[in-house]
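Each residue of the sequence shown is one higher than the one before, starting from 61 at the first, in this note's numbering.
Worth flagging that the hints you see were computed from the coordinates, not collected in a lab.
Note that the structure is predicted; figures quoted are calculated from it, not measured.
Misleading hints may appear alongside valid ones.
[Stated by the list, open to error] Pairwise CB distance ranges (calculated): (1) Arg-77 to Tyr-146: 19 to 27 Å; (2) Glu-91 to Leu-167: 31 to 39 Å; (3) Pro-137 to Asp-162: 23 to 31 Å; (4) Gly-175 to Glu-91: 26 to 34 Å; (5) Arg-124 to Thr-195: 32 to 40 Å; (6) Glu-180 to Arg-77: 26 to 34 Å; (7) Pro-139 to Glu-180: 30 to 38 Å; (8) Thr-179 to Asp-218: 21 to 29 Å; (9) Ser-126 to Glu-73: 28 to 36 Å.
Where a beta carbon is used, it is the ideal one built from N, C-alpha and C, also for glycine.
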Amino acid sequence: MSMNGEYLRLTTEELARALENPEWAWEFADEVQEREDEEEPAPAEARCFSTFQTWNLLDFLLRRASFPVDVVHGEEPIPDADDWGYGPPQYLTADRVRLAADRLDELTYDALIRGVDHTELATAGVYPRIWDSPTSLEWARDTLASLTEFFRAAASADHAVLVWLD
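Please take these sequences and the hints and turn them into a complete structure.
Here it is in structure tokens:
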């Protein structure tokens, strides 16, 4: 079993409902994920998105770059939410999603990995432990591009984003 970073776009009304009823949010996330697993929409059209196991590498790189929004873990807790895998979900408001999207649009993966040595990832204990060569830094390049598309679409729709690890 692996740890995966998961995202769900929420309208203002859906976020309000999730904050009042975290069980509803869990069921809604599961329903949307199931539907999209079959449909496989592009990140810009998807309501759900996964960074799969690259979440910790992205977290390491974005923190190192002083990224202004915690797009990997979220920033606000869902009150009284149960554990969704590796802790309860958190969310980003539509304003924070917009800021994240703007900054992700400005960011290149090359700039993000510039000056990073793969051994730093091993020393930091970045999950999963696959940092045996310099090429391992390339692992999240496509994921960051897709995450950027997902956030840009969420920002354009004025959506909040629910974030969790499972």
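Worksheet item: Which numbered hints are broken by the structure, listed smallest first?
Response: 4, 5, 6 and 8
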